[in-house]
Amino acid sequence: MFKYILRRLLLLPLVVLGVTFLLFFLTQHLSPEARASLYIKDPRQMGALEEVIAKYGLRDNLFKQYGRWLRSAVSGDLGYSQSANMPVAQAIREYLPATIQLALVTIVLVVFFGVWFGAVSAVKKDKWQDHLARLISVGGFSLPIFVLGLLLLMLFYGKLGWFPPGGYSLSTDVTIHLPSFHHYTGFLLIDSLLNGNFKIFIDVLRHLFLPALTLCLGSFALMVRVMRSSMLEELNKDYVRTARAKGLAEHAVIYRHAGKNAIIPVITLASIQFIRLLGGTVIVETIFDYPGIGRFGVTAAQQLDIAGIMGFSLMVAVLFVLGNLVSDILYTAVDPRIKLND
Amino acid sequence: MTNSIWQRILKNKASLCGFILVVFFALIAIFAPVLSPSKTADPYQLPQSSYEMTPQAPSAEHWFGTTEQQYDLYHGVIWGTRLAFKIGITVTFFAFLIGLLLGAAAAYFGGKIDEIIMRFTDVVFAVPSLVLAMVIAAMLGPDVHNMMIALTAVAWPSYARLIRGDVLSVKQRDFVTASKALGARGPRLLLRHILPNSIYPSVVVASLDIGYVVLTAASLSFLGLGSQPGTADWGQLIAMARNWVLGSGSHTFAYWYTVVIPGGAIFLFVLGWNLLGDGFRDILDPRQG
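So the sequence lines, in the order shown, correspond to chains A and W. Position 85, counted from 1, in the first sequence is what this note's numbering calls 118; the numbers after and before it change by one each time, with no gaps. Position 185, counted from 1, in the second sequence is what this note's numbering calls 1098; the numbers after and before it change by one each time, with no gaps.
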């Protein structure tokens, strides 16, 4: 186990190197002129194109250019993002907490509703509740999140005006940039409470709700399936029969005995899904104009902001590989029959 | 064996629904030139009755209404179906082919070749596929062909892993040893004996991924990193609806059709493939249920 974790941790830099090199290689698809023009804001300065190419060494060979990017990345300088109008490292610091916050709220919703629907569906197997839960789960698997997002926006913002898009409202924007507001963690949900400002907490939560609900969709379907089959398996076990035989009330049998055991695979799945959500945030944050890392990545890609794209991919790769390692470890912690070796 | 699988698929209500949906869309794709004849050289280019921004509700002239800039939604949905099949089949085919070559090579030769190929798949797997496809599509420039290249580039590693595993297990079987004893060597052993006995399950898995490929393609187009505006592409149609979801004034749902019609098409298409896929998985792997 320890050897496995060590091996994976040693492989991590290699994988990250591979990903960044692969993407860097792809950026070479753009001509040096095209890449240089990204540094030029004013069309009248187009004459300076050759100067920019020379200054940043855009005609050097691939390895030399990649080496230069890598050296500065290691020292914490990821370049300047044209699309976000700030250094890439600063953009990541600013946007990442919002995305993690979004993913956390989403996973809480997914687990809560997934466990609920899955358990009901197992207990009421082949009754209408079961069919309904399965229908929602198959449907949820097939509805693209951008369609659901737009429909929810139509209903909850357009019609009802309950949940506005964006990350927070204007008044919050003003307050959190006042010197009196302390950014302890970077997570607005936590910082607002630490500052004792409950209004901001509610405001942030209101803006989080729709993106989180939309993001739920794909994971929710899987969660219902896993909870349902896990619950069905537990309900057929001997200890459940014993509990029933000794006269325990049915709801106690279901929730305190079977439910407790059935929830184990759900928790593991949740940890994996948490990482998977990162892919989904790209779309959801774009729809709801939510100021997270996904929207940053999309804008960088749309505007061919190479420094932004590289920084974004680097960060996603690190998070993704680490997250997968953590969920592998969680698997063994929860189910001792699984052995990590290789 | 194949016959009984199809019989079981058609007996199950859910997978039967999936089968019907897929066939329905396949018919639309095949008969697209009849259902919505094109007046331009490129049928995937949407006809535009004017350059007016505001979408128009369904009418006798435009059965499904028009979206932003008067692109006809009916033509978009019909030819979008054809494009969806084109993208889904092309991407899956090439991704499978690449995965087959690399996966089989890794398993057959082992050693260093195996290590290099599999570490390369690790690299591709290290980034969520939508994110990687998004970056590749952005670098290549947004159009349908580049989008297909990007989707293929992120899809092949899972097939490579799958086929590597299959080939490794088949390699151990007695009949391979027997044909080795009879003198079969190298490519002949791999192509004539091992592959035909190992790829069937992977082929099924791959073909059922068409729904997922189309979903990812639609996501790319929605983000503006896929087809050009005005293409008969479901994701593109929904991207154009983005500005109209809040309706006009007090009438919130005024432009519902710009989202619901292309959105419904994607939903039903992907649903069909998913239902069919579930059916196949239940039959091929009875342990999951």
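Hints were generated in silico from the structure; no laboratory data involved. Every value quoted in this text rests on a predicted model; they were computed, and no experiment measured them. Accuracy of the hints is not assured; some may be wrong.
Stated by the list, open to error - Here are the simulated lysine-lysine pairs, DSBU-like style, with alpha carbons at most 30 Å apart:
1) Lys926/W / Lys36/A
2) Lys160/A / Lys926/W
3) Lys157/A / Lys926/W
4) Lys158/A / Lys279/A
5) Lys160/A / Lys192/A
6) Lys157/A / Lys924/W
7) Lys158/A / Lys1025/W
8) Lys926/W / Lys158/A
9) Lys157/A / Lys192/A
10) Lys160/A / Lys924/W
11) Lys924/W / Lys97/A
Claimed, not checked - Across the chosen pairs, the derived CB separations fall in these ranges:
12) Pro76/A / Ile1062/W: 28 to 34 Å
13) Gly1099/W / Lys97/A: 39 to 45 Å
14) Ser1082/W / Glu266/A: 56 to 62 Å
Glycine included, C-beta positions come from ideal geometry on N, C-alpha and C.
Going through the hints against the structure:
Under the criterion of a C-alpha separation no larger than 30 Å, the hint pairing Lys926/W with Lys36/A is inconsistent with the structure, at around 48 Å. The straight-line distance between the Cα atoms of Lys160/A and Lys926/W is roughly 16 Å, inside the 30 Å bound, and the hint therefore holds. About 20 Å separates the Cα atoms of Lys157/A and Lys926/W, which keeps this hinted pair within 30 Å; it holds. The suggested pairing of Lys158/A with Lys279/A holds, with an alpha-carbon distance near 24 Å, which does not exceed 30 Å.
Distance check on the hinted pair: Lys160/A and Lys192/A sit about 34 Å apart at the alpha-carbon level, beyond 30 Å; violated. For the hint linking Lys157/A to Lys924/W, the alpha-carbon distance of about 24 Å falls within 30 Å, and the restraint holds. With a C-alpha separation of about 51 Å, the suggested pair Lys158/A and Lys1025/W falls outside the 30 Å cut-off, and the hint is violated. Between Lys926/W and Lys158/A, the direct Cα distance comes to roughly 17 Å. Compliance with the 30 Å bound is thereby established for this hinted pair.
With a C-alpha separation of about 35 Å, the suggested pair Lys157/A and Lys192/A falls outside the 30 Å cut-off, and the hint is violated. Pair hint Lys160/A plus Lys924/W holds up; C-alpha atoms about 20 Å apart against a cutoff of 30 Å. A C-alpha spacing of about 61 Å is found between Lys924/W and Lys97/A, which places the hinted pair above 30 Å, so the restraint is violated. Hint check: Pro76/A to Ile1062/W, Cβ distance near 31 Å, so the stated range 28 to 34 Å holds.
At roughly 41 Å, the beta carbons of Gly1099/W and Lys97/A sit within the given window of 39 to 45 Å. Taking 56 to 62 Å as the suggested C-beta distance range, the pair Ser1082/W and Glu266/A does not conform, at roughly 27 Å.
When each numbered hint is compared with the structure, violations occur for hints 1, 5, 7, 9, 11, 14.
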